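**Q** Sequence:
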Amino acid sequence: MSVDTIYKVILYPFITESIASLKAMTNLQGTAGDPFIDNVDDFRFKGYAVCSDVTGNLDGVIMMHHYPETAIAIGNSVCEKMFDEKYEHTEITEELSNALAEWGNTIVGRSTDLHGRYSLEYNFSSPYFVHDVSDMAKYLAGVTEVVTVPITVEGVGRYYFNLLVRSVDYQQVGIKREESRGIENTHTTTLETSSKILLVDDSAMIRKALKRYLAQLGYHNVIEADDGASAVTMVASESPDFMFMDVVMGEVNGDEALRQIRAAGSNVPIVMLSSVTDKVLVDKCKDLGISGFIFKPIQADSGAEIIKDYLKIA
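Throughout, our numbering is defined as the position within the sequence shown, counted from one, plus 434.
Keep in mind that the hints were calculated from the coordinates and are not lab data.
Please read these numbers as outputs of a predicted model, since none were measured by experiment.
Glycine included, each C-beta is placed from N, C-alpha and C at the ideal position.
Hints should not be assumed to be uniformly reliable.
[Claimed, not checked] Straight-line alpha carbon distances no greater than 27 Å define the calculated DSSO-like cross-link-like pairs of lysine-lysine that follow:
| hint | residue 1 | residue 2 |
| --- | --- | --- |
| 1 | K520 | K630 |
| 2 | K713 | K520 |
| 3 | K645 | K457 |
| 4 | K746 | K630 |
| 5 | K713 | K742 |
| 6 | K645 | K746 |
| 7 | K746 | K720 |
| 8 | K718 | K520 |
| 9 | K480 | K572 |
| 10 | K520 | K457 |
| 11 | K457 | K742 |
| 12 | K630 | K718 |
| 13 | K742 | K645 |
| 14 | K642 | K457 |
| 15 | K720 | K742 |
| 16 | K718 | K742 |
[Stated by the list, open to error] Distance ranges between label pairs, derived from CB positions:
| hint | residue 1 | residue 2 | range |
| --- | --- | --- | --- |
| 17 | V714 | E739 | 21 to 31 Å |
| 18 | T489 | V714 | 11 to 21 Å |
| 19 | F563 | N473 | 19 to 29 Å |
With the hints as extra help, turn the sequences into a complete structure.
**A** Below you can see the structure in the form of structure tokens.
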């Protein structure tokens, strides 16, 4: 299988989404280099990576791979763009790790969704993170080929996309990048600023950003939950007037929490959040009764405006 074929079929959506998300979620500009084959025996872990396992007619791992200094610079920029403040961390803190996780989740989520729209015979796992050099051996077990694409970030350095291939058998398909801000809220009555709003997201960073955007709009009665199970409990105990809820979370996902909330009889307006724009998922949530669906990322320069458009009730 040629480098060109693997790049076009598997890596191309990740590269284009990575550069687009870099532009949208940071103040940085990225440019992709030419794909090439890495020597498996010489391949080394650079220090920080977000990964997604590939199964089906392709068996391997997609790896978005950073040197620590590049990860720090990008993490600082993600924070700056989200909160409109200067960040100058010099090491990977918990806040930067959360920022990089959000950036990586957005890229992997949108890229794998684009693959899914073409009914291709391979699947991707939820993204996960690798920090430990000693972990790399298990990812290289059985790998016969490593396809690498360098991304040069202006004024920062490089990060890399690697496709670690164990086996592959698939047909070449062209893939286009699709843009969407979300599914609008069709209601017309604006939520009163005294209303109680529940934010549900396993990312403390996203909750912090949403809380800040809501405060800019005059909403200060805000409560938080970090997973779907807590959301179900808090709807019963706190009776919120409105909710924003992430879809992909650690234990109970937002779509399952939504189902449980509706099954319990609550009609609280809920706007879903996700970097995954899968039509089946969106339709499932719409069938359960939602007041809109926001596709991440949300940034400081437009966050309050986007949130305002969804703060409406029947």
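**Q** Taking only the CA atoms, is the gap from K630 to K718 under or equal to 27 Å?
**A** Distance of about 26 Å is within 27 Å: holds.
**Q** For K720 and K742, compute the direct alpha-carbon distance and say whether it is at most 27 Å.
**A** Roughly 20 Å separates the two Cα atoms, so the pair holds.
**Q** Holds or violated: K746 and K630, Cα atoms, limit 27 Å.
**A** 13 Å, holds
**Q** Mind checking the alpha carbons of K520 and K630 for me, to see if they're no more than 27 Å apart?
**A** 31 Å, violated
**Q** With a cut-off of 27 Å on the C-alpha distance, tell me whether K645 and K746 pass.
**A** Answer holds: K645 to K746 is near 17 Å, not above 27 Å.
**Q** Check the hint pairing K713 with K520 against an upper bound of 27 Å on the C-alpha distance.
**A** 37 Å, violated
**Q** Could you check the hint for me, namely that V714 and E739 are 21 to 31 Å apart, CB to CB?
**A** 29 Å Cβ-Cβ, so the 21 to 31 Å window holds.
**Q** Given the hint of 11 to 21 Å, is the C-beta distance from T489 to V714 inside that range or not?
**A** 19 Å, holds
**Q** Verify the proposed pairing of K642 with K457, using a straight-line Cα cut of 27 Å.
**A** 21 Å, holds
**Q** Between K520 and K457, does the CA-CA distance stay at or below 27 Å?
**A** OK: K520 and K457 at ~17 Å, within 27 Å.
**Q** Verify the proposed pairing of K742 with K645, using a straight-line Cα cut of 27 Å.
**A** Measuring from Cα to Cα gives roughly 12 Å; hence the hint holds.
**Q** Sort out whether K742 lies within 27 Å of K457, counting only the CA atoms.
**A** 23 Å, holds
In this structure, the earlier hints numbered 1, 2, 8 are contradicted, and the remaining ones agree with it.
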